Amino acid sequence: MGELKLMKGNEAIAEAAIRAGVDAYFGYPITPQSEVIEYLMAEQPENRTGMVVLQAESELAAINMVYGAAAAGKKVFTSSSSPGISLYQEGISYIAGAELPCVIANVVRGGPGLGTIQPSQADYFQSTKGGGHGDYRLYVLAPSSVQEMADFIQLGFDIAYKYRNPVMIQSDGMIGQMMEKVELADQRPRWTDEEIKQMHDSWAAFGKGDHRERNIITSLDLDSSKQEKHNHHLQAKYRKMEENEVLFEEINCEDADYLIVAYGSSARISMKSVDLARAKGIKVGLFRPITLYPFPMKQLNAYVGKVKAILSVEMSAGQLIEDVKLAVECNIPVKHFGRYGGMIHSPEEVLTALENLIKGE
Amino acid sequence: MDIKDIVKEENLVYSKTNLMTNNVLSYCPGCGHGTAHRIIMEVIDELGLQSQTIGVAPVGCSVLAYDFMNIDMIQAAHGRAPAVATGLKRTMPDKCIFTYQGDGDLAAIGTAETIHVCNRGEDITMFFINNGIYGMTGGQMAPTTLEGMKTATSPYGRDLKKMGNPLKITELIAQLPGTYYVTRQAVHTPAAVRKTKKAVFKAFEVQKEKKGISFVEIVSNCNSGWKLPPVKANQWMVEHMFPFYPMGDIKVDGHLVNSNKAEVKS
Amino acid sequence: MTEEIIIAGFGGQGVLSMGKILAYSGIMQDQEVSWMPSYGPEMRGGTANVTVIVSDDRISSPVLNFYDTAIILNQQSMDKFEKTVKPGGLLLFDPNGITHPPQRKDIKIFKIEAARLSAEMGNTKIFNMVVLGAYLKLKPIVKLENVIRGLKKSIPERYHKLIPMNEEALTMGMANSVEIFPA
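Residue numbers (our numbering), protein chains in the order written: chain V, 1 to 361; chain G, 1 to 266; chain X, 1 to 183.
Next up, chain V with everything else stripped away, as it sits in the complex (with noise of 0.2 Å):
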C-alpha cells in the first residue's frame, strides 16, 4: 500500500505528477486552482526528481510551454481554470495538430466570462467536442475524488503516450477544494535521455543525429489534401480511442427502474441521491462516465429497454446530457437536471427532480 495523506485535489494532482516521473509544470495561477503551482513551487521537484517548475507570464505563453516541452518527448503537465482554460486553447489545438502528449487539468469554475470562482461542470461542450478551432479530439477524464485526481495522472500520460495526444483531467473546485484520503503511488523516475531517444526517436524534436531525417513538429500542412490525409489519420486515432480506452462506474443499477447519469462532483453527489431514493424505495441507479471523451454511448445504450427515463445531472444549463441523449438515440426519456454558475445542486434537490421525473413533471 502506498502513502496514505489527507490532501486537497489541487494538491494531490500536484504531488501525483512528481511521482509519476513528471519532466515539466507550465503553469498560470488562477483560482480555484492555484495550489497546484504553490504546492509544486513549495515541494521544490527540482531536489527531487529534477522536475522543472515555472511561472509563466500568462496562460498563452504556459501552454506553449507545455507545447514546446512535449514536443522534445518531455512528460510535461499543465493546470488551470476555465477562463485560463479558454487562453490554452489556441496552444491546444496545436498540442493536437502536432500530435504532442501532455496532460492538462481543468478545475473548472462557473462561467461565462469571469463568472465566479466556485465550481462549476459547464466546459463540458470546451473539453469534449473541441474547445479550439479545427476538427481534433482530446482524452478527457473526469474525476470524481481526490484519490481519481492523483491516479488519473499516471492513466493521463499512459494514454497521452499511447495515441500521441493530449489528454485533459476535467474536475471543478469542489474536487479540487476538498480533501479526501489519498493513496499515493510511489515515486517513478523520470525517463533520461537516453529512453527518450529510445522510445521517441521517431518524432520528437531533441536533436537531430545523423542516423535519422530531421523531425519537425508542426500543425501546417498548405497542401489541403496533405491536411486531410492528416485529419483522416487523427480521426482513425480518435476512433480506437472510443473502441479502447472508455471508461465509466454503475452504481446500483442491476435492478434499476432509473438511472441517474453525472460525472465528476455532481456523480458524488448523486450517490447521495441514490442512496436517499432507494431508502424511499425507488429503484434508481448512478451511471458515471469517467471518461467524458470518449463517452461511454454504447454502454449506456444498452440500458434502452431496461430503464423507464434517464435524469442527466451536471452543474451547467445542460451539456453532458447531449451525449446522454445521441447515447441512447431517443430510445429512452432524458431530463436534465443541474444547478449552475457556480451553485453546486443538494443531493435532495436531485432527488426531488428525480421524483418529478418519475410523476412526469
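These are calculated hints, taken from the structure and not from any lab test.
Remember, it's a predicted structure, so these values are computed and weren't measured experimentally.
Subject to a maximum C-alpha distance of 35 Å in a straight line, what follows is the list of computed DSBU-like cross-link-like pairs (lysine-lysine): (1) V/Lys298 <-> V/Lys283; (2) V/Lys280 <-> X/Lys105; (3) V/Lys280 <-> X/Lys83; (4) G/Lys197 <-> V/Lys197; (5) X/Lys86 <-> V/Lys359.
Chain G is nowhere near these chain V residues, computed Cβ spacing over 10 Å in every case: (6) Met1; (7) Ile117; (8) Arg164; (9) Leu184; (10) Ala185; (11) Asn231; (12) Gln299.
Beta carbons are placed, not taken as given, at the ideal position from N, Cα and C, and that holds for glycine.
Since chain V is already given, all that's left is putting chains G and X on it; use the hints.
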C-alpha cells in the same frame, strides 16, 4: 576551356550550405530570409551543433523555415516562439535552442512572450527579421512600419496619431537584465552578411555560456510588400530603415553600448 | 458508521484545522474521510465552515444540506445551521457570543465553554481542541490516540512540541460539555 574545367574542385569558391535542405526556398526573389537562414545554418554547421540544436519557426513568411533548415524544428503559434523555446530549454538546458521570428510575430502579437523571455534571461538565441511589414498575409502594417510608410492597412502612409509609433523592440529588450548580447545587422551586401555571420557566431557562443538571451535583429527588405524591385528595395532600406533602425551592437557582454544609451534616452 | 458533520464559526477559530485533524484521525483508523470547506465569497465577513464526513464506507456527497452533528461557534453560524441538524442529531455550541441559543426540541443540544476554558488554560489557540474534545466525548467516532496521530500528521513537525498541550485541551473538552436539551 570547357565547363568541366570550370566546375573542378579547386575552382570551387562556394557550395550549398550543408545544413540547408534541397527544398526550393519559398521566399520571393531578393528577400533576405534565404540569406539569414543560410547564415544561421552555416554557423550551426561550423560549430558542430546540428544534433544539439532545435529551432522554433514562427507564423509569418518564415513559417516554413523547417522545410529549409536541416535540424529538428518546431513550428509555433503566432508570437509564441519564445514560450515554446522556454519549454524546450528548461527541459533540455544543454541543447542549443533558437527562435526565428518576424516583426509581427515578435513585436506585435508576441510582445508579452518576447519581453518575458528576455526578462527571465532564458539561455536561448533569438533571431528577429525586421522588414517593417507583414509579408505573408500580403503587406499589412507591422509594429515596425515606419512613419508615412504605405502598406495594405495604412494605404495613405502610417499616421502616427492614428496608428501609433513604430516600435523599437530591440532597444526595448536591451534594457532588460536578462539580455546579454543584443545586436542589429543586415544581409543586403556581402560585407553585411559577413558581419551578421560574426554576430550569429557570438550569439550561439553566449548561449553556450548560459549568460542569458542573445538577440540578433536582421533588418531586411520585403520587395513584394514594399512594391519595389530587389535592388531598389535594398536602397530604400538603407535610406529609410537604417536611420530609424541603426546598424550595430546595442548590448555587448551584458552592457549597453554608449551610442545606444543616448539613443534610448532621446 | 457514517458521521456527517458541519463545523462553523469565525475565521481564526481554527474551524478548518479542527476539521482537518478530525479527518486525519479517521484516516489513522482506516476510515474514509472527506473535508469540504466553504471558500471564496462565502468566507468574506469572517465566517468559515467545513463539512467533514467520517465513514466506514465509500463517501458519497461531500456537500450536504443536513448533518448528524453541527458544531457551532458563532451566532451567524447558529442562524444558518441550527435548522440543518437531522432530527435526533447533535448540536454542540460554544455559548460565547451566542445571543439566541438553539431552540430545537428534536435534537440533542450540548454546550462547551471552550473560549472560557482555553482562556483559563492561558492559550486561546487551543480553543478548537477543547471543542473537538467535547465532540469526541459525545460521539466517540475516533479514538483519542488516533486524534493525536492525526494531529502529528496535520501540523508541521516544528509544532509537535505543542502536542501535549493540545492533548490537555482535548481532555478538558471531554470533561466539560454540558447537556442543554434534553436537560
